[in-house]
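There are 2 protein chains.
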Amino acid sequence: MNKPLKIAVAGLGTVGAGTMKLLFEQARLIERRCGRAITVTAVSARDRNKDRGVSLEGITWYDDPVTMAAAADAGVVVELIGGSEGVAKRLCETAIASARHVVTANKALLAHHGTALARAAEGAGVTLAYEAAVAGGIPIIKALREGLAANGVNRVYGILNGTCNYILTVMRESGRKFEGVLAEAQSLGFAEADPGFDVDGIDTAHKLAILASVAFGGELNFDAVYIEGIRNISPLDIRFAKELGFRIKLLGIARMTEHGVEQRVHPCMVPLNAPIAHIENVFNAVVADGDFVGTTMFEGHGAGAGPTASAVVADLMDIARGCSTPTFAVPAEDLEALPAAPMERHFGAYYIRLMVLDQPGVFADVAAALRDHNVSMEAILQRGRAPGEAVPVVMTLHETEELGVVRMLEKVGTLPTVVEPPQMIRIESFNQK
Amino acid sequence: MNKPLKIAVAGLGTVGAGTMKLLFEQARLIERRCGRAITVTAVSARDRNKDRGVSLEGITWYDDPVTMAAAADAGVVVELIGGSEGVAKRLCETAIASARHVVTANKALLAHHGTALARAAEGAGVTLAYEAAVAGGIPIIKALREGLAANGVNRVYGILNGTCNYILTVMRESGRKFEGVLAEAQSLGFAEADPGFDVDGIDTAHKLAILASVAFGGELNFDAVYIEGIRNISPLDIRFAKELGFRIKLLGIARMTEHGVEQRVHPCMVPLNAPIAHIENVFNAVVADGDFVGTTMFEGHGAGAGPTASAVVADLMDIARGCSTPTFAVPAEDLEALPAAPMERHFGAYYIRLMVLDQPGVFADVAAALRDHNVSMEAILQRGRAPGEAVPVVMTLHETEELGVVRMLEKVGTLPTVVEPPQMIRIESFNQK
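Just so you know, the protein sequences line up as chains A and B, in that order.
For reference, each letter of the first sequence is one residue, going 246 to 678 in the working numbering.
For reference, each letter of the second sequence is one residue, going 246 to 678 in the working numbering.
Hints were generated in silico from the structure; no laboratory data involved.
One should not assume that every hint holds.
As the list makes no split between identical chains, a pair holds if one copy fits it or if it spans any two.
As the list claims (entries may be wrong) - Once the Cα atoms are required to be at most 25 Å apart in a straight line, the calculated SDA-like pairs of lysine to any residue come out as:
{"#": "1", "residue 1": "K248", "residue 2": "D579"}
{"#": "2", "residue 1": "K266", "residue 2": "G397"}
{"#": "3", "residue 1": "K422", "residue 2": "M600"}
{"#": "4", "residue 1": "K656", "residue 2": "F592"}
{"#": "5", "residue 1": "K266", "residue 2": "D536"}
{"#": "6", "residue 1": "K487", "residue 2": "N477"}
{"#": "7", "residue 1": "K248", "residue 2": "E578"}
{"#": "8", "residue 1": "K248", "residue 2": "G397"}
{"#": "9", "residue 1": "K295", "residue 2": "V332"}
{"#": "10", "residue 1": "K266", "residue 2": "D308"}
{"#": "11", "residue 1": "K266", "residue 2": "Q604"}
{"#": "12", "residue 1": "K251", "residue 2": "G397"}
{"#": "13", "residue 1": "K422", "residue 2": "I472"}
{"#": "14", "residue 1": "K248", "residue 2": "R364"}
{"#": "15", "residue 1": "K266", "residue 2": "M501"}
{"#": "16", "residue 1": "K487", "residue 2": "L517"}
Just need the whole structure built from these sequences, with the hints factored in.
The structure is reproduced here in structure tokens:
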């Protein structure tokens, strides 16, 4: 039997404690599958005396995780602290500088500093592994870098945030408003006390930037991600979506276009015949279109102690087996700065909802705005009549460039008969290849 | 740059030619991702002069693939001939005996001889890779062996045959009968001239036996797979399925039960809220339930030149990178002969359709048979009335042991008012974990 792989774990929150628990409970299985054991030799966390349900006996304690990264008797440092700056970043840099492999679940860190960290790691001859950072338990990084490695991928997209997907699922099933469903999700532990990272789309954007880099072989470019969250999705939109044969999902979408790489996070109208429309509750899913393999989809839990620990330990098992692959699919020194496609050049279909006063002449004004901006209507829906009061009017637009739609909506928003800011949700069509 | 990985390809049919095409077109991408090129140095096929759309210039031709496996200037032999016996088997054995890695898409060979081949390969220190053998382009073997390696898996199931899924999809959408849809699928090239391997469930069973071995760490046990195909699914069953909130899918299901490993292939009634119900047309999907990761699903193309070549080349790229994992997830010498659960002990719910004469007293006889076999009805449906003629009566049964259902149906089948052999389709419920 080969020597055990010694690891040091920084951060013993939900994921850290879950990782320790998995390593302990599955020790025999891991050893059979890797040909060697994985042993925790050092840990670091905030409070040494907190009961986490895992034994720390025989494990060296470090108050400072950065010191641990430099000094521990371990070939791998597992970073489960989180945050794009500060201690998590210093700890990874220190581990790499001292020729230790790094396994992390930290999407914010990678989204902001992934290219530099990958170059440092590959330069030092160590692995920077991060399966747990994107879509939790779904082995999507492995799938893109290895399973689909023979393909050029020109589009990758997914439901990357379980909190948002849960909220949208409950809103659809119950007809309730965003605020109430969010509050309930918070009380159930499905949403953070500070929900902004999730519901404003930032978490999805971090993960999307990582996926785009792996898929396209480009440097990470988080600043180029266009981001909208789900706060302004109303029960009305969900009702109209149903009527039109759509479900509303918060998607992260990265695509190679003639204008460069498009990276965008926003609510989408997804047709019911697309498999991703049926991913509900806290589940995540990622779809990749490869030039030889066609369309593939991967679904599973995107968060939680068990799924995240599953991904962290899979990375450790790869290291234990001596398997390594370039961090972002091609050697980090070859990662190219890919041009970013501006959002105004996005080409797609649109759902528009206007709240208009129910009086003669309204349609003529709206129709004129569409004509003036060269935007073409596919269908229009109006339900209910309430003379003199505000009623919803819903239009779907044929595929067109975003800039024209934005300008048209600016104009429509100024009409005296349009009493609320117009709602616009992009329609995505995902033909399976 | 490292030395190229030299490979010999046996079989230049659709998949073999597709693999050559991929290796040629993606040569630069493969070299960037692996750090070395993959070069075809030898090929063998039936007809040297056939135009396959790929250049064989500079490649050594062998009339006999087994000779090639022993003598070619190549570290890897790619077996794309097919068949569980004969030349494909000899060629793999020869390659292994001469210390060459083997990459194969041959599910029949693995289902019948996988354990012995794996032991030979691991004994010789070479890789036996077979991603393309199960679910084509979906990297499910890699997912189970590596991405989910930290998990114990107690159930794995899937839609593993695109031909059957296509036929069932078209039957549902069109209301047409099996025979006509099969004939059309044959004319479109979605079904073989001899469709038995596909529509009788054998191809699915080959793949299931492989999945079960990887998931449970057991020896392959193809003979223990219970197999039913889709020939006797009628438009009536599809209509009732719709009414009851189900879709009919041919699934392969492997599960650890208290009675041993259950491996079964048969049509299933799948509830619409299960994501696998929405996998349509030629697409495949595999679901694995892991003890830490929960439920994960992988979807994509299960056949065709591009998807299969994608999987073959992914295996080659792993070999080029020096990554290897035990063939069936644990060392082949440790694979255990797992006890097989008998089908009579299967515990589940059932859909039953009887064609009965529409006359008084029929229900009483059927109800007595249920009572006598301790089988409990959940719901009953009868549509239409035609006094004195045969009408369908559909029942769903509560979860029970299969033996009682079989005995009950034997009895019911002998009733004079039941004019056709009873139809029985198992109902599967897949709660996502």
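Exercise. Are there hints from earlier that the structure breaks, and if so, what are their numbers?
Worked result: 11
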